[in-house]
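Engineer: Listed here are the chains, written in short residue letters.
2 protein chains.
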Amino acid sequence: MNIKIAENAGFCYGVMRAIKMADDAIKKYKKLYSLGPIIHNPQVVEEYEKKGLKVAQDLNDVDAPVLIRSHGVPPEVYNEINKKGVDYIDATCPFVKEAQDYAKEMFLKGYTIVIFGDKNHPEVKAHLGYTDYNAYIVNTPEEAKNVVAEKIGVISQTTQSVERFASVVAELSKNSKQLKVYNTICDATEKRQKSAKKLAKESDIMIVIGGKNSANTRKLYEICSKYCKKAYHIETEDEIQKEWFLDVDNVGITAGASTPSYIIDRVYNFIKGMDSE
Amino acid sequence: MNIKIAENAGFCYGVMRAIKMADDAIKKYKKLYSLGPIIHNPQVVEEYEKKGLKVAQDLNDVDAPVLIRSHGVPPEVYNEINKKGVDYIDATCPFVKEAQDYAKEMFLKGYTIVIFGDKNHPEVKAHLGYTDYNAYIVNTPEEAKNVVAEKIGVISQTTQSVERFASVVAELSKNSKQLKVYNTICDATEKRQKSAKKLAKESDIMIVIGGKNSANTRKLYEICSKYCKKAYHIETEDEIQKEWFLDVDNVGITAGASTPSYIIDRVYNFIKGMDSE
Chain R
1 MNIKIAENAG
11 FCYGVMRAIK
21 MADDAIKKYK
31 KLYSLGPIIH
41 NPQVVEEYEK
51 KGLKVAQDLN
61 DVDAPVLIRS
71 HGVPPEVYNE
81 INKKGVDYID
91 ATCPFVKEAQ
101 DYAKEMFLKG
111 YTIVIFGDKN
121 HPEVKAHLGY
131 TDYNAYIVNT
141 PEEAKNVVAE
151 KIGVISQTTQ
161 SVERFASVVA
171 ELSKNSKQLK
181 VYNTICDATE
191 KRQKSAKKLA
201 KESDIMIVIG
211 GKNSANTRKL
221 YEICSKYCKK
231 AYHIETEDEI
241 QKEWFLDVDN
251 VGITAGASTP
261 SYIIDRVYNF
271 IKGMDSE
Chain Z
1001 MNIKIAENAG
1011 FCYGVMRAIK
1021 MADDAIKKYK
1031 KLYSLGPIIH
1041 NPQVVEEYEK
1051 KGLKVAQDLN
1061 DVDAPVLIRS
1071 HGVPPEVYNE
1081 INKKGVDYID
1091 ATCPFVKEAQ
1101 DYAKEMFLKG
1111 YTIVIFGDKN
1121 HPEVKAHLGY
1131 TDYNAYIVNT
1141 PEEAKNVVAE
1151 KIGVISQTTQ
1161 SVERFASVVA
1171 ELSKNSKQLK
1181 VYNTICDATE
1191 KRQKSAKKLA
1201 KESDIMIVIG
1211 GKNSANTRKL
1221 YEICSKYCKK
1231 AYHIETEDEI
1241 QKEWFLDVDN
1251 VGITAGASTP
1261 SYIIDRVYNF
1271 IKGMDSE
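Protein sequences, first through last, are from chains R and Z. The numbering used here puts the first sequence at residues 1 to 277. The numbering used here puts the second sequence at residues 1001 to 1277.
What the hints contain is simulated information worked out from the structure, not anything from laboratory work. Note that the structure is predicted; figures quoted are calculated from it, not measured. Where a beta carbon is used, it is the ideal one built from N, C-alpha and C, also for glycine. Any given hint could turn out to be false.
[To be verified] If you only want the chain Z side, here are some residues facing chain R, beta carbon under 8 Å, derived:
1. 1165
2. 1174
3. 1211
In isolation and in its complexed conformation, chain R is listed as follows (with noise of 0.2 Å):
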């Protein structure tokens, strides 16, 4: 049996970046605080938790240094945590941070400023805080509508759909003079999901790995079903069943932006070992 692991699949570099990061401070500082869970993974949480990494909600929880995850915070908290003086180690993604700065720079050129995304996204939450919490919040075509300005200056939060992106800059192109769009979407999304289809074209089953309620691994996980005999989304290698793998020669493997590769790879060896029984 041939056993594949789809490119781009499970972290993207900015999460990947961040518990790389995570790693580190741990040795440093055997205790430290994340500004919120460093992922939306409970089993990665639980597992930092008990190597010395707590999740705080809030900074006035806060006795030991402070995690940055990698959605970012607005200026404001780093302020704040200057203020309690502890160390805070700032693993915000880099393209998130890019998109920060555009929004502060033509927030400070007078545009006003569009960010496309969900409101309730703690990266847009962040967004907000370099405008100085004087942004419109899009996330369709309908609500693009309503902003009519001179000058209009857009981002993205990272893990939009370009084509929504794009159809909420058409309205926004009609409604202004002068309209600057800094595309900020991170490609790694459609990235994985590209690799987990050429994967799945060339294998019998696919193995997709990731939390029940994510949205992206089930989104994963209905590509894969297209392009194969049959998928099967697990969130970890207990729940995988012997006769899945009854007459099959190619098995393939991806998972969603939340899973860590070690799941990954204890995915891999689960199936690697039933083989060779």
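Using the hints, position chain Z against chain R.
Structural biologist: For chain Z alone, coordinates are given in the frame of chain R:
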């Protein structure tokens, strides 16, 4: 019988200004040339020929002051005129001039320039010169897909449709990291159409004046046909027939972009005269 002329009928601001500048220049110079016909209306061009404004296709034909029409010219034409040692009157529409300035500014800043418009239109040909003949001319979203660049800068031909412009901008936002858009579409056409529709609703019949081959006049005729009992498309008052006005209380008049006000006035007076017979 009530006779009303629609608001925004006939010439737009830029054309009206160019005609006024031509009138003044004729008084001053007696003889001068326009580079290409001053407007797309043969009757008007012929009338101005008689007054002393000759049409030159080329600077080679020129031995007297030159009028630059509302569409504008590429930058090198100014140098060529200066070399010939003749005066010039620059009747480039200020809105067109603005678009030229934006194209130049973005080109010098290293943007890949997209001109949204018709590649055969003199305005677009002139715009191209402000990018050193280094721009993409795009007229559809499909064509926009071919433009992929880090930094894209967009301007529009002033008389294009906003909806199509927006769909082109949408495509460009997908294939660039930075997109700067100057919406240089002039709203004269849209305003003219809206005013014609408004008047048509209050009228029994509409008289639409303009060249039979004028796209914008035919569009006006179409709109008027929808909103009153009957619309008539004429070039001059000679085509008007008495029976159109039987049992008619309210007559509306509108005119395409190349129709001078004196032709509108003649039509108005003709109908008024007919009514008092």
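Engineer: Tell me, in ascending order, the numbers of any earlier hints that this structure violates.
Structural biologist: 3
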